[in-house]
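Each protein sequence line maps, in turn, to chains B and H.
Just so we're aligned, residue 1 is where the first sequence starts under this note's numbering, counting upward by one.
Just so we're aligned, residue 1 is where the second sequence starts under this note's numbering, counting upward by one.
FYI, nobody ran anything at the bench for these hints, they're computed from the structure.
The C-beta atom is built at its ideal place from N, Cα and C for all residues, glycine as well.
Please note: incorrect hints may appear among the correct ones.
[Stated by the list, open to error] One side of the interface only, derived from the structure: several residues of chain H facing chain B at Cβ under 8 Å:
{"#": "1", "residue": "L160"}
{"#": "2", "residue": "V162"}
{"#": "3", "residue": "S163"}
{"#": "4", "residue": "P166"}
{"#": "5", "residue": "L174"}
{"#": "6", "residue": "G175"}
{"#": "7", "residue": "A176"}
{"#": "8", "residue": "G177"}
{"#": "9", "residue": "A183"}
{"#": "10", "residue": "V185"}
{"#": "11", "residue": "P192"}
{"#": "12", "residue": "M231"}
{"#": "13", "residue": "G232"}
{"#": "14", "residue": "E233"}
{"#": "15", "residue": "H236"}
[As the list claims (entries may be wrong)] Over the 12 Å line for every Cβ pair with chain H, so calculated as not near, a few chain B residues:
{"#": "16", "residue": "A110"}
{"#": "17", "residue": "S259"}
{"#": "18", "residue": "I287"}
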Amino acid sequence: MSVYLELQHIRKRFGAANVLDDVNLQIREGELVTLLGPSGCGKSTLLRCIAGLADMDGGSILLDGKDIAALPPRNREIGMVFQSYALFPNLTVRENIEYGLKMRGIDKTARRRRSEELLAVVELTEKRDAYPQQLSGGQQQRVALARSLAVRPKVLLLDEPLSALDAQIRKNLRAEIRAIQRQFNMTTIFVTHDQEEALTLSDRVCLMNKGRIVQEGSPEAIYTRPRTEFVARFMGSYNVLSRQDALRLFGRVERAAESYAVRPESVVLLNGRNEPLEPGRRVAEGIIRSMSILGNVIRYDVEAADVRLTIDALNDGRSLPLAEGSPVLLALDEAQLLHLDREGA
Amino acid sequence: MDAPIKRTGAAPRALMLLLMIYLLLPLMATCIYAFARDWQTTVLPERWTLEWFGGMFKDLRFMESLWNSLYLCLIAVAFSLLVMLPAVFVITVYMPRLESLMKGLVVLPYAVPGVVAAVGLIRAYSSGPLNIAGTAYILLGAYFVIVLPYMYQGIRNSLLTVSAGPLLAAAELLGAGRMRAFASVVLPNIWPGVLVSALLSFSVLFGEFALTNMLVGGQIQTIQVYLYHRMGESGHLASAIAITYFVFILLLSALLMKLGQKVNGGLKR
């Protein structure tokens, strides 16, 4: 598939700080891309630049072959859903959904037809005459989604749409957004600071830090193969070891690198010293400092060779009877020792 | 006590009662005095009359001063609304960095005492190109400055409560021009709040005396200036005027509170 939306060399400064520092991104039609990153990394600003709500200091935005960077927001054919919903409180649900159609001069019957269609999609047909304040947060966000889809935008931007909602509603709405996005084959950019949200939703994840995209790839790739320490720390509770740490723990390490990342679930805890060692496995001795049960997983905090490691074991009743303070053996496949580049490389 | 639900203790109640008496007694006395004919040796007046009210309403100067106050305040508030609504909107939504400047500017009227302001204004505007001292124009200008804080705060708070920024962004992305977006999704939502600050400004101006008297007291009589002049003539008449004025402000305040409830209720729902 060809590129549908392309961001080229987007730059934005705010005073002396680079908010966006040469951002490049290509998105295919129908793809859902998440911009993931800590607050202040520039992801929301990037979204506002694409929408035309913020000015850029340089760069171009090509949508469907046309440069839209100089156009005002209303001519960009871009839909947006805000964290605060931004529904019009003086209009009913139906009037909210029809607002964009009305601004485009579409006649009443056609507006009605379209709004009924979308009310059905977001399952709010019964609430068509309610005012936004009478709806729950999740319902309001569904109205906002319907409102932005009503005008058939070329790209849909979602700016942390789930952050203001309860955990349960968030999960449901997340699945619903993904289903609707697939149904309409909607090219979508989803901004979030929640890595779990990004991993479950996206076709592709772009992890941002300090105004740059530091790594992009499929959820699978970005989770299992972090390239830098920042990515490793942000994407999960990776243990990041310096080369000295790794040497002290495992005696020798095949490949040289600045630092290494180890996923908590890839370390295996053994309590006997006489278990047979598979080739390529490294072993270290340690002591359990604390443990907590997260549900399906038990998380151990283990100290070994002056290094603190987080280790997850499946809570399936077959785990070792370990208590705080008890000594353990840690086993790790050398292949699970991920090599990290120097920061920013 | 055998009451199952004890709401307030006796001491606070007594204190409240005392406070109410303290506050309301002068008002009661004024009210009674305004309706009294003979009131010398008895606790309550011996004979009642509507004469003072009749005389007041028959006095052309009273009606004129009431009318003066009414239209001057209305024009000043309308003018302030016309200027401040777009100005505060632009500053709050598009230039938030100017807000600190505005905040400082807007409390200046509090910092300058009325008399000082009046003397300064008369000096500045009694010669030169803008020779408007003693006219209604200088008064309107002064009124505009007096209500500045109320209008600024009221409009700004309304804009922030309805998060005008995101609303406007949403409307623009849906294809509305800025003016149309403002008229269709911002104005209807801030209107109740703006109306409250306009009414508040109106009642503040209606009760303004010091600045008015010094600026235009000789030329234009507002209700306050009139009240001041007639105070010495007859206590009964002054009481009647005071009571009429009080009832007027009471009605205005009731309207204000009603509107305020509507604003809050609308947001809570």
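We went through each hint and held it up to the structure:
Checking L160(H) against chain B by beta carbon gives a least distance of about 12 Å; that is not within 8 Å, so the hint is violated. Evaluation of the V162(H) hint against chain B yields a held restraint, the C-beta minimum of about 7 Å falling below 8 Å. Contact between S163(H) and chain B, as hinted, is supported at the beta carbon level, the nearest pair being about 6 Å apart and thus within 8 Å. Given hint, P166(H) at the interface with chain B, holds; its Cβ is 4 Å from that chain's nearest Cβ, closer than 8 Å.
Proximity of L174(H) to chain B holds as hinted, the smallest CB-CB distance being about 3 Å (cut-off 8 Å). Contact between G175(H) and chain B, as hinted, is supported at the beta carbon level, the nearest pair being about 4 Å apart and thus within 8 Å. Interface restraint check for A176(H): the shortest CB-CB distance to chain B comes to about 5 Å, inside 8 Å, so the restraint holds. Because the beta carbon of G177(H) sits about 7 Å from the nearest beta carbon in chain B, less than 8 Å, this interface hint is met.
Against a cut-off of 8 Å between C-beta atoms, the interface hint on A183(H) is violated, since the closest Cβ of chain B lies about 11 Å away. For V185(H), the shortest C-beta to C-beta distance to chain B is roughly 5 Å, which falls under 8 Å, so the interface hint holds. The interface hint given for P192(H) is violated, since its Cβ lies 11 Å from the closest Cβ of chain B, which is over the 8 Å cut-off. The interface hint given for M231(H) is violated, since its Cβ lies 48 Å from the closest Cβ of chain B, which is over the 8 Å cut-off.
Annotation: G232(H) was flagged as interfacial toward chain B, and the flag is violated, the nearest CB pair being 53 Å apart, outside 8 Å. For the restraint placing E233(H) at the interface with chain B, the shortest Cβ-Cβ distance is roughly 52 Å, beyond the 8 Å limit, so the hint is violated. Taken as an interface hint, H236(H) does not check out: its beta carbon lies about 51 Å from the nearest beta carbon of chain B, beyond 8 Å. At roughly 15 Å from the closest C-beta of chain H, the C-beta of A110(B) stays outside 12 Å, upholding its exclusion from the interface.
The Cβ of S259(B) sits about 42 Å from the closest Cβ of chain H, beyond the 12 Å cut-off, so the non-interface label holds. Separation of I287(B) from chain H is adequate, the least Cβ-Cβ distance of about 52 Å exceeding the 12 Å criterion.
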